[in-house]
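These protein sequences, in sequence, are chains A and B.
When we follow this note's numbering, the leftmost residue of the first sequence carries the number 439, and every step to the right adds one.
When we follow this note's numbering, the leftmost residue of the second sequence carries the number 2, and every step to the right adds one.
Bear in mind the hints are in silico, worked out from the structure with no lab data behind them.
Some hints here could point you the wrong way.
Pairs of lysine-lysine, DSS-like flavour, derived with a Cα cap of 30 Å [what the hints assert, rightly or not]:
| no. | chain 1 | residue 1 | chain 2 | residue 2 |
| --- | --- | --- | --- | --- |
| 1 | A | Lys-515 | B | Lys-95 |
| 2 | A | Lys-495 | B | Lys-35 |
| 3 | B | Lys-4 | A | Lys-668 |
| 4 | A | Lys-582 | B | Lys-63 |
| 5 | A | Lys-626 | B | Lys-35 |
| 6 | B | Lys-95 | A | Lys-495 |
| 7 | A | Lys-720 | A | Lys-744 |
| 8 | A | Lys-617 | B | Lys-4 |
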Amino acid sequence: MTERDLIIVGAGPAGMAAALSAHENGVRDILLLERDQYPGGILNQCVHTGFGLTYFKENLTGPEYAHRLIEKINAIKEIEVSFKSFAIKLTREKELTFIKPGKLERLKPKALILASGARERTREMIHIPGERPAGIFSAGLAQKLINIEGLLPGKEVVIIGSGDIGLIMARRFILEGAKVKAVIEIQKQSRGLARNAVQCVEDFGIPFYLSHKVSKIYGKKRAEKVDVVKIDENSNEISASRFQIECDTVLISVGLIPEIELIDGLDPVSIPGLFICGNASKIYDLADSVSRDALLAGKQAAEYIKSI
Amino acid sequence: MRKLICIECPRSCVLRVDIQNCRVVKVTGEKCPKGRDYAVSEVENPQRVLTSTVSTSGLALKMVPVRTDRPIPKDKILEAAAEARKMKLERPVKVGEIIAENFLGLGVNLIATRGVEF
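Between the sequences and the hints, there should be enough to build the whole structure, so can you do that?
Rendered as structure tokens:
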């Protein structure tokens, strides 16, 4: 089995920053694994601005933020990036198995940084009754379809939840010529940043219902309409307030969860030389915070490698 | 007095803006100088940077992300977005390269925010 000094899983805002930091702190053999064919992770589909204000002191789009990191990574020959590489197994002894086209590899790094990001919470996790037609997407999936694949998932959209991705997608659908009929948030206030409620929802006059929930989704083949109901202080539905909105698309934007199946069944704290950073560690509001967290992980991994 | 939420950074400062004859005379609540500038612009001449995507033909990516290199009037955003939807990029570009000069005659350029090759 090949030995490596440091392996980092994920080449997004966390993994790339971790690699740069580890290199700056003396690590000279770094393997960055990325499952996509390009570096950048989710930044590539975040075409809006708001990135880099603290990390680069500039207001950048997601792809521009990624580009800054990619240029630095490419300039360092001791950082090897392996694309289409998907980590599938990690043992207590830090043996890592990953697949890439035509290959299955097992490596044993001195230190390993998990920078695998997060995935979206789904409709199933918030228990919305009703039918299961086509036309229900998580907000980030819709973002990928529009911004990467060039496909518009629907024409008349209702957004459930007011996470930042949902708010950003409200504007995105409008800019692509679709109609956004409502954003429905169960809490008393917007879950996403106030600036996004302003520039993505208010700017376009989209109805924003707080303390409301979607109580049912209708649709035979494709989504047709939703029931919306106001809820009281105790989260009980106020039946008299119920109304319907016709739509062909429902977006779910109810938060993220770390994507860390790789350490299922392991106790990560008890494994020396294993570090977790960015959204794989906890969910951050900003990519800048993810990168800052990763700088620390890169430094700690470097210190660990020196110490053994 | 008009209440605005600053969109310049994630802090989302709540600005209280005193207005006389459509002009901003006083801003409070901002935590940095950008807040005042935003309030003045938002009241007197609201502007936004457009970010969108442009479809491609014969290139490695199906879509290239784009933005205006400077803000444009807020009431032109939908028209500008519709224009971007009509465009097709057929040549490789680098990050920051101009895709459309003097976009819609607004005195701004539409630039690529991601590089793309054949």
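Outcome of the hint check:
1. For the hint pairing A/Lys-515 with B/Lys-95, the CA-to-CA distance comes to about 22 Å; that is within 30 Å, so the pair holds.
2. Proposed proximity of A/Lys-495 and B/Lys-35 is supported: the alpha carbons are some 13 Å apart, at most 30 Å.
3. With a CA separation close to 26 Å, the supplied pair B/Lys-4 and A/Lys-668 stays within the 30 Å bound.
4. Distance check on the hinted pair: A/Lys-582 and B/Lys-63 sit about 12 Å apart at the alpha-carbon level, within 30 Å; holds.
5. At roughly 29 Å between alpha-carbon atoms, A/Lys-626 and B/Lys-35 fall within 30 Å of each other, so this suggested pair holds.
6. Our distance criterion of 30 Å between C-alpha atoms is met by B/Lys-95 and A/Lys-495, whose separation comes to about 22 Å.
7. Only pairs whose Cα atoms come within 30 Å are accepted, and A/Lys-720 paired with A/Lys-744 is accepted, the gap being roughly 27 Å.
8. For the hint pairing A/Lys-617 with B/Lys-4, the CA-to-CA distance comes to about 28 Å; that is within 30 Å, so the pair holds.
Going down the numbered hints, you'll see the structure goes against none, and every one checks out.
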